[in-house]
Amino acid sequence: MFKLFKDANQRQWIQWVIKFTGWSSFLILISSVVMSFIGYVVSPQLIIANIVFSIAFFITYTFQQHMTVYVIKRVFGAFITLLVIATITFTLLRLLPGGPFDQDKALPPEVIANIEAKYHLDKPVLVQYWHYLSGIAQGDLGDSYKYIGRSVTDIISETLPNTLQLGIYALLICYLFGIPAGVFAASKHNSWADNTIMTIAISGVTLPSFLVAAILILIFSVQLNWLPPALWDGPEYYIMPMLVLGIRPAAIIARLTRASVLEVINSDYIRTARSKGLPERVILFKHVLKNSLIPVLTFSGPLVSGVLTGSFITELIFAVPGMGKHLIQSVTNRDYPLILGLTLLFSAVLVLTNLLVDLLYSFFDPRIKLS
Amino acid sequence: MKLINSLILALLFVVVFSGCTKKQSSEYGLKISETLRVSLDTEPPTLDWMKATDTTSSSIVYNIMEGMVAYNLNDPELSLKPALGLSWSASKDARVWTFKIRKGVQWSDGVELTAQHFIDAWQRLLTPKTASEYAYFMYGIKNAKAFNEGKIKDPKKLGLKINGAGDLIVTLEQPMSFFPYLLSHTSTFPARLDIINKFGDNWTDPKNIVTLGAFKLKIWDHDKAMVLERSPNYYGTPTKTKYVLGYIINEKSTVLNLFDAGKIDAIKDLPAIDLPHLRKKPEYHSHGILGIYYLGYNVKRAPFDNLKVRKAISMAIDRQEITKMLNAGHVPIKGWIPVGMFGFEKKLGVDFNIKTANRLLDEAGFKDRSKFPTIFYGFNTNENHQRIAENVQAQLKRNLNITVEIKNEEWKVYLSTLKSKPPHIFRLGWLADFPDPDNFLNMLTSTSDNNHTGWVNPEFDRQIINAAQTVDKKERKRLYKKAQKIIVETDLPVLPVYSMVEHLLVSKRVKNYPMNPMSNFIWKDVELVK
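Read top to bottom, the protein sequences are chains A and B. Numbered per our numbering, the first sequence spans residues -18 to 352. Numbered per our numbering, the second sequence spans residues 17 to 546.
Check before you lean on any hint, since a few could be wrong.
Covered stretches of chain B (in silico footprint by chain A; criterion: 3 or more residues with CB under 8 angstroms from a CB of chain A, positions within the stretch not fixed) [what the hints assert, rightly or not]:
#1 262 to 268
#2 275 to 282
#3 428 to 442
It should be emphasised that the hints constitute simulated quantities derived from the structure, not laboratory data. Note that this is a predicted model, so its numbers are computed, not measured. Glycine residues also receive a C-beta, built at the ideal position from the N, C-alpha and C atoms.
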């Protein structure tokens, strides 16, 4: 397989595939985001196409960068991690006081016996565990105890798209505002502009999201009547939730970018670029920025997974029909299959984004080699 | 190359654009002038009425289905009126009940209702495999409990049959004078087994479900909204409003914001903290509901095993102070039956009396208060319960000079504590499943799983059984008074605190919004003003 890279033509071909798949997935993602923002539903086929492009991009990129063994190792490690997480969560749930069918109006023992038999809770814990693991292996996360007749997969597939939509909008806010603000503040170091941006950023980091939400609702819904106070229906409904979810990480990114740019801006190669007479804009965005993004990238792993898997507070306040509330309510309801399903999903996204971030390190800084 | 790139780019945009469809609006294309917009506190866990146990699911089921009987909401004591059952009668000992089924009632698919649909539903409710939480509701039927336990396999052995005239004959295990009241509950509504068997768990999807209420289910957009539509097959007067749009919103402040923005027409369960300013709104309404808030004593744990201590504690707590502090309009009660319900007794129970309370505690051997142990007060984590706990703690310190330690626990942990080791004092509430005193008093019998006090009194048990078997209303009232006296005056395993009040906001464009003590929101008579 590696012989591919020895032939110049094939190398060029691989390069083309990387470019094509990378740009395609990026453009489909951006245009899908725009379409969904203006009130269209993106078809599942398109989402699948995008996932295929992204996977193709990462596979070819991995081959090109000689990181195949590394990625295989990481994917194998990810499965082990998920298995450990599933086991720990399963055990903790069984140790947690209060059962899924405890309620204020207590049920007679014979009724509880019927319910436990239905959900195999009358079986020994090890049998339940085996039942659960074999279900996962077949892609079956089980049925919710609370939402009768709905499988965990149904709940995830119905709520995750809304959560992802909100998460992607929030991420756009993070990167579109956070990075330029950081670069600009660094380029105007110690000026009033720098101080103003950093004051706003500090406020963004410290203000809790429920307070930001309340302030936005008060201004834009109650006072100005420009935006609806809640529901999830179109651009005017998306603005406040995405701001609430995006402001804090945007502020953190702005601060990280600023610190990193300040470090890079004083390095020798930038001085060389300046002495060559390159315009400041080119120096900043071509030479400084790319090398300053490593800390932002490190922060992006947990950020992306956190934002994409939902925010309980934001979804609750703006009545977004997403997955965030299920993360909390499933625990309150002791809905074991739903808790396990959501924990696994969250962990999988976290593991995956961290892997992607690691792969992107070498993209942004070729000095970093993963093996 | 540039041309190829541009072509690919253009192609991508075409693919993306053609892969997108216009999203349905949150109002689902409904005309607002024909649509009542309400909020649902949570995603209904199920619309399978033989399995539903929560209030949100029930509120939808009450609008798309009907039962054998319904409440007469014009009667303060909520007597029963015919619904799918046209009339009913009991044998002299209230053991065999005959229900005449209304003729000409059609399900939404045109099939006519028969008594068999009731039998099918109740058999399904009691089948162990169904695992219905409300199966015990029908344990009164002959052999029902044994069938639900799996001891009897043949459903034909249940006390259910149809006579030649098509009437439903129900034979009970024991006489039960309030049996028809149970048939107002959603879990006892008739069902179509052919539909359930055909579609399995998906039978409640809008495209599959078959109902016979005033509304039918049009849309169920999970975690977002539900739409009900006027049913053309309904046997009664057609609904005044064509659609009901229920937004699923968990957060009350969000619902209030939407109400203020004119996107929601009615809200119930207003947050206590907002009541002072919401009361000033012209859209504000309140009414009493059949529910009580009470404190239970663990009579097996010293010093609460001493009747004098229980009496002293009960007399040292001023319920008026609690309801005043809550400022939510709740009515302090001394008896066990909520205000407005058949069996409510104003004069029963112990009065607030610090002097007697102190004397009783002295007599109980705690003249030296330092010898009185620290008592534990448990409650589930909630702002209002916390306020009440702190108030009781302060009152007992002030009035009896005893120390109370309060402890909150997460709801399910709290329920588990109540089962395993209840604290000296614990808080709980009870909302009527059906408006009969039996529903409130039965929970304190020795066999009840809801009796966390550890208190047992065979005389009390006997009174409850006797009252259930008594048909004469006056005599039943006397028996329930006697039973109440045992729990709120003689033995005091519990202290009733207040009878609940519900608060609502109803938009001015809505007329005849249902407000009743059972908190049943049946929207068929709601009118929208243009």
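Hint check:
1. 262 to 268: As far as the segment 262 to 268 of chain B goes, the hint holds, because 5 residues have Cβ atoms under 8 angstroms from chain A.
2. 275 to 282: holds (count 3)
3. 428 to 442: Answer holds; 7 residues pass the 8 angstroms Cβ test.
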